[in-house]
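Asker: Order-wise, the sequence lines are chains H and Z.
Going by my numbering, the first sequence opens with residue 1, and the numbers climb by one from there.
Going by my numbering, the second sequence opens with residue 536, and the numbers climb by one from there.
By construction, these hints were calculated from the structure, which means they are not laboratory data.
Across the chosen pairs, the derived CB separations fall in these ranges:
no.	chain 1	residue 1	chain 2	residue 2	range
1	H	Asn113	Z	Pro797	34 to 44 Å
2	H	Pro225	Z	Asp821	54 to 64 Å
3	Z	Pro760	H	Ala135	41 to 51 Å
4	Z	Gly879	H	Glu69	49 to 59 Å
5	H	Ser47	Z	Asn1037	49 to 59 Å
6	Z	Ala976	H	Pro143	18 to 28 Å
7	H	Val105	Z	Asn1065	39 to 49 Å
8	Z	Thr568	H	Leu444	51 to 61 Å
9	H	Pro225	Z	Pro928	29 to 39 Å
10	Z	Asp1060	H	Lys293	26 to 36 Å
11	Z	Gln878	H	Leu444	45 to 55 Å
12	H	Leu444	Z	Gln1069	21 to 31 Å
13	H	Pro504	Z	Asn1065	29 to 39 Å
Ideal Cβ placement from N, Cα and C applies to all residues, glycine included.
There are 2 protein chains.
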Amino acid sequence: MSTDTQQLTGQSILAGINTPGNGAEVRGFNPATNQGLDPAYSLIDASQLELATAAAEDAFASFRSLDPETHARFLESIAGNIEAVGTELVQRAMAETGLPEARLVGERGRTCNQLRIFAQVVRQGDHHGVRIDPALPERAPMPRVDIRQRKIPVGPVAVFGASNFPLAFSTAGGDTASALAAGCPVVFKAHNAHPGTSEIVGRAITAAISDANLNPGIFSLVYGPGASIGQALVSDPRIKAVGFTGSRGGGTALMATAAARPEPIPVYAEMSSINPVIFFAGALSDDAAGHAKAYLGSVVGSSGQLCTAPGLVFVPTGEEGDTFAAALRTEAATTAGQTMLTQGIYNSWVQGVQDLGSQPGVELLAQGNKGETENAPAPSIFSTGVAQLLGNPVLHEEIFGAASLVIRYTDAADLATALSKLEGQLTATLQLNDSDHEAVAAVLPILERKAGRILVNGWPTGVEVGHAMVHGGPFPATSDTRTTSVGTLAIERFLRPVAYQNIPDSLLPAPLQQSNPWKLTRRIDGTLKNAGEQA
Amino acid sequence: MSTDTQQLTGQSILAGINTPGNGAEVRGFNPATNQGLDPAYSLIDASQLELATAAAEDAFASFRSLDPETHARFLESIAGNIEAVGTELVQRAMAETGLPEARLVGERGRTCNQLRIFAQVVRQGDHHGVRIDPALPERAPMPRVDIRQRKIPVGPVAVFGASNFPLAFSTAGGDTASALAAGCPVVFKAHNAHPGTSEIVGRAITAAISDANLNPGIFSLVYGPGASIGQALVSDPRIKAVGFTGSRGGGTALMATAAARPEPIPVYAEMSSINPVIFFAGALSDDAAGHAKAYLGSVVGSSGQLCTAPGLVFVPTGEEGDTFAAALRTEAATTAGQTMLTQGIYNSWVQGVQDLGSQPGVELLAQGNKGETENAPAPSIFSTGVAQLLGNPVLHEEIFGAASLVIRYTDAADLATALSKLEGQLTATLQLNDSDHEAVAAVLPILERKAGRILVNGWPTGVEVGHAMVHGGPFPATSDTRTTSVGTLAIERFLRPVAYQNIPDSLLPAPLQQSNPWKLTRRIDGTLKNAGEQA
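One chain only, chain H, in its complex shape (with noise of 0.2 Å):
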């Protein structure tokens, strides 16, 4: 793909095709500046939005049969194009959010290992989940028939791009990754944050199904008004399942959307979380001043506008504690804010903070320094006690962006208490040291009840695609704690079974065949053999 093509029209992409909306017009704007960009995006009403539900349909059966090879190129082919855009799509993302270069070249490496890795899957084949259970034709009381099972797409997937990961949460984003690496059909709907560089990966994406003659219908990029097509997209009969990343409010109402329809759909949706840091003891005596300066690194990342920002963090009571507080006001004094993504995000801050720092018995224990470009707000971080925590429901509410507040514990039953009454979450992070680890030991079964990750000595900004990794965790951290958005298990999100009792060798799909064509480890009578141990 060479990059003269990347002049941006500023249309929907409905099946391959470029199509202006019969809507009003958006247009990126860059938060840094609070300056509009061009060019202008209109936005498509629901009859165009149909056209890209009723392609991904079309496009379904002839998708979900491709042989594993053609199908691993054309995500890896994803990934080719979109590296070979090349710094235009970087620079267009810095200017759609103001994030800073090197975490948006990060991002992208993220995007397209992400590919990668979905495509390593599909040649795998695991996901196909195949079991076999031969004939008994002499079993009694009664002979058993040849019963086999393997996993099918869904169908049609609708993705909502996220504002925060403008690559990796975006249009060619894991759950993009994932329903297409399952054989899904994606209708992508765009964030009207970043319109430019959706409509850049959107063309990558374009141009691997052009380039491997698929059904253009596999995906379709739309902008559209956001809650009502959102609505429209999630009511749609052809959709089969959703994927989204953001709000708890828009979240849950994809949510009973979805559950309202004739035909109820499963949603995926990464919404809120507060992400609990506890330190005990041991590990503050350590390092009580690097443990505050990496804490603050964390909060101010990306202006806290990460899903796994530590947005709660315990600390003992006592000396240790208070050194560490008192290391974190000395380093948030030398720490400036970081632009937001959008001037709606950040004026949401403002009130999150305004709220938090109101509440009774809540302090600001410290506060950085207003950034130099707009929409960069002073990071801070407040603290209070266990009995404040227990008492108000506000102290449990995510506030996006850099702040965070700080639980001073006084025991473990205090810590134990407080750790019990929190709302699922995505992760929960241990700052220990060996003399911690009977502490330790005595919260880790309540925290495998509330997050979706548990990590020890590090921070959960900074989330690892891989085969073990779990991105999710009990509502409201997502709408559905069985799976996860980050890692090949996401894949998962998008199948569903189906068994093929006594069907004839010739008539059975490839996975089950008795040849194993695809060499395939398949579970034979409960038992997992590679394709050397099925003679």
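For this one, chain H is given, so just place chain Z on it according to the hints.
Answerer: For chain Z alone, coordinates are given in the frame of chain H:
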């Protein structure tokens, strides 16, 4: 467990304690004689239900920490206790349901087999879903820390007994067995149509808990006023998932309640399916009369009260189809109806058959004779064409009981159109011979999207409990198409993944420890490896 403990008490079992209910009374009822059965069962109220859910929550921590061998033996002990009851269980179930002895003996075998196969699953441990991405300290630009994933049980589960399988889908049925295998305590709401059967099995579970010195909160059996106590149970914040088998109305009501909770939870409801059976011309030309007889047998067995009963049968127009229809009439003339489960179900059947028979273009094709017992209606088979099916939603509704609708189709296009308009189904069945393969291949992709199980040259009634079975399917067959309620995959319904990042080995749970003490097959860096390969 000695049989002299089997004097029925008419009481709920709340965490091991027989407890009379504060509410009204119900009785088992013999549908073959229209006579009430002793004893009366007193119904609990909401405050008594709280005892069960609180005990389940209290028991969860220890139950989910059991070693595999203790856990597996507990499941096997339930099976042994059920068998030890002897004929008393089958006799009581016969009296309460009108089902014949052979069917209930078989169902008891299936129920115990189901518990034992889940014991094998627990011993093997693949359901822990362990994934390990080892640390890569030298990776550039960023090192990777060790990340490990396992699945843990979701928490206490509410299970609702089905009327039509008083053993296999009831007190110790598939939902209970898979939830207990996952490590989830169960609060079981008995179906009021077979309270005595439920109590006998409930005691078998309670005795197994006691014998193994487990926390009695692992299981409660409650009798309650159907709708209200069911809603209270699903609303209880300690309940984290729901298993249900029953009507579409009942299932969707629970789905709505679960979705409206402050913390929404998954509902696995198996509800409504008409299980299309498709005859191709070749199959009929082989043996139209034999097929007619087998069809009638599948319709009439268990008085048609099976989730997978063939409610919709596609037969080609033309001579072979006419021969089939004539044979059906002949066969029906010597076929008698069997007692239905309850008077209420009988009345619903009568109403459903009356509604179906009065639809435009629908004719009564064949009718059997009434049975000699009470509530044993004449099996009824209707006939119409594809145009009527497409235009009339009434023809898509399940009639629970011995009734079925034959659709005469003219050609492949006619058939494909009809199949593509069906709602989601538990099963789809193809009757074919070698000459039909081309026609079958054309409809298979349609059926994969409609059904959880596709079978050839058999009848869908009869669900094998194995590793490859899917008893599931798109809505309204079930509320959640991603899973099954029969077979070992059902355990996945009650699990969720948790990631452990950079956790010291001594703090890791056993399935994740480096020494792999449970000898699990684990996914290392994306590739499944058995215990011996994980050096």
